[in-house]
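Chains F and Y are the protein sequences, given in the same order. The numbering used here applies: residue 63 is where the first sequence begins, and numbers increase by one. The numbering used here applies: residue 6 is where the second sequence begins, and numbers increase by one.
Note that these hints are calculated values from the structure, not bench results. We put the beta carbon where it would ideally sit given N, CA and C, even for glycine. Among the hints, erroneous ones may be present.
Straight-line C-alpha distance at most 25 Å; calculated DMTMM-like pairs for lysine to aspartate or glutamate [what the hints assert, rightly or not]:
#, chain 1, residue 1, chain 2, residue 2
1, Y, Lys134, F, Asp289
2, F, Lys432, Y, Asp97
3, F, Lys440, F, Glu357
4, F, Lys438, Y, Asp141
5, F, Lys434, Y, Asp183
6, F, Lys432, F, Asp347
7, Y, Lys134, F, Asp347
Cβ pair distances, simulated, as ranges [as the list claims (entries may be wrong)]:
#, chain 1, residue 1, chain 2, residue 2, range
8, F, Gly311, Y, Val72, 18 to 28 Å
9, Y, Gln114, F, Thr348, 30 to 40 Å
10, Y, Pro285, F, Gly363, 46 to 56 Å
11, Y, Thr169, F, Ala445, 55 to 65 Å
12, Y, Gly66, F, Thr348, 36 to 46 Å
13, Y, Leu84, F, Thr257, 54 to 64 Å
14, Y, Val72, F, Glu345, 34 to 44 Å
15, F, Lys352, Y, Gln114, 33 to 43 Å
16, F, Ala445, Y, Leu103, 46 to 56 Å
17, F, Ala127, Y, Arg91, 50 to 60 Å
One-sided and incomplete, this derived list gives chain Y residues near chain F with beta-carbon spacing under 7 Å [to be verified]:
#, residue
18, Gln8
19, Phe11
20, Gln15
21, Ala122
22, Pro124
23, Ile217
24, Ala218
25, Gly259
26, Ile262
27, Ala267
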Amino acid sequence: MTNRRQVLKAGAAVGISALGFPGIVRAQSNAIKIGHLTPLTGFLGALGEYAVMGIKMATEEINAAGGVMGRKLDVMSEDSVNPATASTKAQRMLEQDKVEFLMGEINSASAQTIMQVAARNKKLFLQIGARSDVLRGKNCNKYTFHVDIPVTVMVNAAGQALLRDGLIKGKRIFCLTSDYLFGHDLSKAAKAFMTANGGTVIGDELTATDTTDFSPFLLKIRQAKPDLVATNLGGNQVTNFVKQYSEFGLPYPVAGFNLNTADAWAAGEGNLAGIWPTVWHHELDTPGSKAFVAEFRKRYGKPPENHAWIEYVSLKIMAQAMNATKSTDTDKLIAYFESQAEFDLLKARKGYFRAWDHQLIQEAFPFTVKPKGQAKDKWDFLAFGAAVPAASQALEIINPAKDQNACSM
Amino acid sequence: MQQLFFLLEQVVNGLVLGGYYLLIALGLSLIFSVGGVVNLAHGAFYALGAYVSVEIARHLGFGAGAVLSPVAVALLGILFERFILRRFYTADPILSLLVTFGLALVAEQAIRMVWGAAPLPASMPDSFKGNVVLGDFLFSRYRLFLLAVVAAVLAGIWTLLHKTSFGRVVRAGIQRPDMVAALGIRLQPYMTTIVMLGVGMAALGGALFAPIAMVHPAMGAEIITVAFVVVVIGGLGSFWGVVLAAMLVGVVRGITIHFVPAAGEASMYVLMFLVLMFRPRGLLGERIEKFE
Numbered sequence: 063m064t065n066r067r068q069v070l071k072a073g074a075a076v077g078i079s080a081l082g083f084p085g086i087v088r089a090q091s092n093a094i095k096i097g098h099l100t101p102l103t104g105f106l107g108a109l110g111e112y113a114v115m116g117i118k119m120a121t122e123e124i125n126a127a128g129g130v131m132g133r134k135l136d137v138m139s140e141d142s143v144n145p146a147t148a149s150t151k152a153q154r155m156l157e158q159d160k161v162e163f164l165m166g167e168i169n170s171a172s173a174q175t176i177m178q179v180a181a182r183n184k185k186l187f188l189q190i191g192a193r194s195d196v197l198r199g200k201n202c203n204k205y206t207f208h209v210d211i212p213v214t215v216m217v218n219a220a221g222q223a224l225l226r227d228g229l230i231k232g233k234r235i236f237c238l239t240s241d242y243l244f245g246h247d248l249s250k251a252a253k254a255f256m257t258a259n260g261g262t263v264i265g266d267e268l269t270a271t272d273t274t275d276f277s278p279f280l281l282k283i284r285q286a287k288p289d290l291v292a293t294n295l296g297g298n299q300v301t302n303f304v305k306q307y308s309e310f311g312l313p314y315p316v317a318g319f320n321l322n323t324a325d326a327w328a329a330g331e332g333n334l335a336g337i338w339p340t341v342w343h344h345e346l347d348t349p350g351s352k353a354f355v356a357e358f359r360k361r362y363g364k365p366p367e368n369h370a371w372i373e374y375v376s377l378k379i380m381a382q383a384m385n386a387t388k389s390t391d392t393d394k395l396i397a398y399f400e401s402q403a404e405f406d407l408l409k410a411r412k413g414y415f416r417a418w419d420h421q422l423i424q425e426a427f428p429f430t431v432k433p434k435g436q437a438k439d440k441w442d443f444l445a446f447g448a449a450v451p452a453a454s455q456a457l458e459i460i461n462p463a464k465d466q467n468a469c470s471m
Numbered sequence: 006m007q008q009l010f011f012l013l014e015q016v017v018n019g020l021v022l023g024g025y026y027l028l029i030a031l032g033l034s035l036i037f038s039v040g041g042v043v044n045l046a047h048g049a050f051y052a053l054g055a056y057v058s059v060e061i062a063r064h065l066g067f068g069a070g071a072v073l074s075p076v077a078v079a080l081l082g083i084l085f086e087r088f089i090l091r092r093f094y095t096a097d098p099i100l101s102l103l104v105t106f107g108l109a110l111v112a113e114q115a116i117r118m119v120w121g122a123a124p125l126p127a128s129m130p131d132s133f134k135g136n137v138v139l140g141d142f143l144f145s146r147y148r149l150f151l152l153a154v155v156a157a158v159l160a161g162i163w164t165l166l167h168k169t170s171f172g173r174v175v176r177a178g179i180q181r182p183d184m185v186a187a188l189g190i191r192l193q194p195y196m197t198t199i200v201m202l203g204v205g206m207a208a209l210g211g212a213l214f215a216p217i218a219m220v221h222p223a224m225g226a227e228i229i230t231v232a233f234v235v236v237v238i239g240g241l242g243s244f245w246g247v248v249l250a251a252m253l254v255g256v257v258r259g260i261t262i263h264f265v266p267a268a269g270e271a272s273m274y275v276l277m278f279l280v281l282m283f284r285p286r287g288l289l290g291e292r293i294e295k296f297e
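Build the full structure now, drawing on both the sequences and the hints.
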């Protein structure tokens with residue numbers, strides 16, 4: 063009995079302390095409240111964890127330096143779960159929590175619904191991590207700005223490397239595509255690139271987002287005997303596919319147009335092969351990136367994934383915009399972004415938002431895998447290529463042109 | 006002709022995959038048959054099996070991970086039976102559903118807290134990698150090994166249930182627990198053993214699948230649905246029913262992916278629907294009085 067009584071007492075103590083000191087929980091009444099949604103569970107949950115680490119680190123740095131316009135930033139991060147829940151939460155954050163603007167997302171379908179909420183409420187949404195072309199094309203809206211590279215850029219970044227290695231022209235290519243908005247979009251861009259460069263797509267198979275076993279697809283790949291296997295997969299699928307492709311030991315070269323560093327790390331050494339694109343990587347040799355990586359490692363004991371980086375720079379972008387306009391007003395922020403103001407992305411070249419589709423224009427990178435035995439630790443088996451486009455070329459050339467991706471606001 | 010061969014290859018591959026489903030579903034079925042409890046936490050033990058094996062493999066190698074992890078999780082299963090499951094054998098089934106479902110959520114979150122949301126990297130030894138071509142069929146070398154392990158486990162469980170006095174009591178307990186009690190036999194220690202074995206098999210499934218699929222906190226929730234579907238299709242209380250259902254689910258999935266790749270993951274639910282339409286008790290389900 064004494065045990066049960068102690069438990070009760072402890073429970074009561076916890077309850078009282080929560081009631082007794084509400085000030086600790088809801089301090090900073092003049093803080094700038096920011097609504098942040100990202101998937102923390104489900105097939106993109108692992109990426110969302112890095113996203114939260116990144117934005118948290120940026121928040122703490124900004125607040126330690128005195129905040130924005132003398133006010134602290136108060137970022138509320140929540141699991142967006144799925145498109146329906148994402149839009150409900152976004153609406154609640156704007157209505158009840160009175161956030162000034164919304165940030166976040168990785169899932170293209172969830173980003174789509176939050177964009178609608180932002181437009182309905184006439185509030186800004188900085189769409190950070192979703193890459194579907196249609197978000198900044200057909201379905202674009204005035205209130206949304208996009209930080210991560212669209213799928214066309216990913217296809218171009220990996221595609222240039224594939225062209226260089228002679229894997230597209232005159233080759234028979236077998237595609238595997240994730241069966242949701244993002245996958246379809248990626249597949250469309252990939253096929254356009256391959257056909258334009260003299261490749262033949264001999265098959266494109268859809269796979270459900272919850273596919274864990276790829277063996278039936280691997281058999282179909284072997285039956286098709288392609289010159290290149292190109293994947294348009296997302297989240298967990300990429301890791302599962304990569305592990306099983308290595309398990310079955312098929313001889314065809316593999317490439318993919320979507321891979322996040324976390325998916326690559328999760329595959330384990332010796333399982334990953336082929337050519338892939340990325341928006342940023344932790345070995346980037348710029349002073350800004352090096353400082354960011356060192357500080358991140360100190361805090362979390364591991365290198366930052368690209369979603370940690372993008373959330374970190376996204377909050378810095380918002381802070382710069384608020385400081386420059388001395389305001390949190392939606393129209394003023396939109397006007398500032400549309401003025402093509404430049405932002406430091408910790409890369410060699412600065413980025414800017416393109417006014418007609420609100421896309422952040424920036425460099426991208428292809429990467430391959432280091433030969434076995436060259437990795438220094440479990441984070442270090444990726445070999446990153448030079449930035450695309452090359453320093454002499456305009457940043458915009460790898461992005462979809464106006465006639466390819468119609469956006470009218 | 007070649008199309009037929011391709012289809013046949015999918016069928017054979019489906020059988021191999023079925024063997025892996027079986028590892029998870031058999032324990033779920035046994036626990037349900039003997040205790041009358043649908044163990045929704047079964048997937049959590051599968052996930053734990055994978056995580057613990059990766060953790061052990063990091064220090065002692067792949068083999069040690071695959072052997073020690075199921076043993077460790079099976080011991081945890083004893084505690085699970087002794088302190089939680091035992092209270093719910095005779096209670097309203099909704100209570101055991103709630104408690105095991107809650108436990109699955111707690112376990113997933115606990116994994117997230119201990120190991121993080123980011124997936125753990127796991128690889129197999131290089132000697133297992135690659136394929137074997139038998140006739141014209143392509144097999145993954147690792148999955149042939151997996152199949153051999155499943156066959157050995159299956160043979161062991163079958164022998165235990167059908168050739169030992171332990172098995173006689175368990176089988177009698179499934180049909181007539183009251184008669185077993187009247188004969189002066191306490192079913193509880195048997196139940197502890199069944200849960201231990203069932204949970205251990207799930208952990209073995211997790212440990213063996215870690216090198217070829219992603220090791221992440223929600224992996225338990227992913228597998229429990231499949232395992233549950235297999236048990237329902239196979240029918241309660243039937244050893245061979247579960248075996249048959251696991252193979253069938255694997256084969257139907259392979260055939261579906263051959264013709265309509267996008268419908269691959271939906272195929273098992275359609276199969277379950279069809280089976281339940283014509284055989285509400287499952288393929289080889291027995292009439293069990295206590296559940297009627």
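**Request:** Report holds or violated for the interface hint on Ala218(Y), using the least CB-CB distance to chain F and a cut-off of 7 Å.
**Result:** 5 Å, holds
**Asked** Are Phe11(Y) and chain F close enough, Cβ to Cβ, to be under 7 Å, as the hint says?
**Response** 5 Å, holds
**Item:** Pairwise beta carbon distance, Lys352(F) to Gln114(Y), judged against the given window 33 to 43 Å
**Value:** Given range 33 to 43 Å: holds, Cβ gap about 35 Å.
**Prompt:** Between Leu84(Y) and Thr257(F), does the beta-carbon spacing fit 54 to 64 Å?
**Reply:** 60 Å, holds
**Request:** Take the C-beta atom of Ala445(F) and the C-beta atom of Leu103(Y), compute their distance, and say whether it sits inside 46 to 56 Å.
**Result:** Given a distance of about 51 Å, which is inside 46 to 56 Å, the answer is holds.
**Request:** Return the status of the interface hint for Gln15(Y): holds when the least beta-carbon distance to chain F is below 7 Å, violated otherwise.
**Result:** 6 Å, holds
**Message:** A closest beta-carbon separation below 7 Å is what the hint needs, so does Ala122(Y) meet it against chain F?
**Reply:** Since chain F brings a Cβ to about 4 Å from Ala122(Y), closer than 7 Å, the hint holds.
**Request:** Measure nothing beyond the straight line between the CA atoms of Lys432(F) and Asp347(F); if it is 25 Å or shorter, mark the hint as holding.
**Result:** 18 Å, holds
**Asked** At the C-beta level, are Ala127(F) and Arg91(Y) separated by a distance inside 50 to 60 Å?
**Response** 57 Å, holds
**Prompt:** Given a hinted range of 36 to 46 Å, is it respected by the beta-carbon distance of Gly66(Y) and Thr348(F)?
**Reply:** 40 Å, holds
**Request:** Would you mind confirming whether the straight-line C-alpha gap from Lys434(F) to Asp183(Y) stays at or under 25 Å?
**Result:** 62 Å, violated
**Request:** For the pair supplied as a hint, Lys134(Y) and Asp347(F), confirm whether the alpha-carbon distance does not exceed 25 Å.
**Result:** Not OK: Lys134(Y) and Asp347(F) at ~35 Å, beyond 25 Å, violated.
The structure fails to meet hints 2, 4, 5, 7, 18 from the earlier list, while all remaining hints are met.
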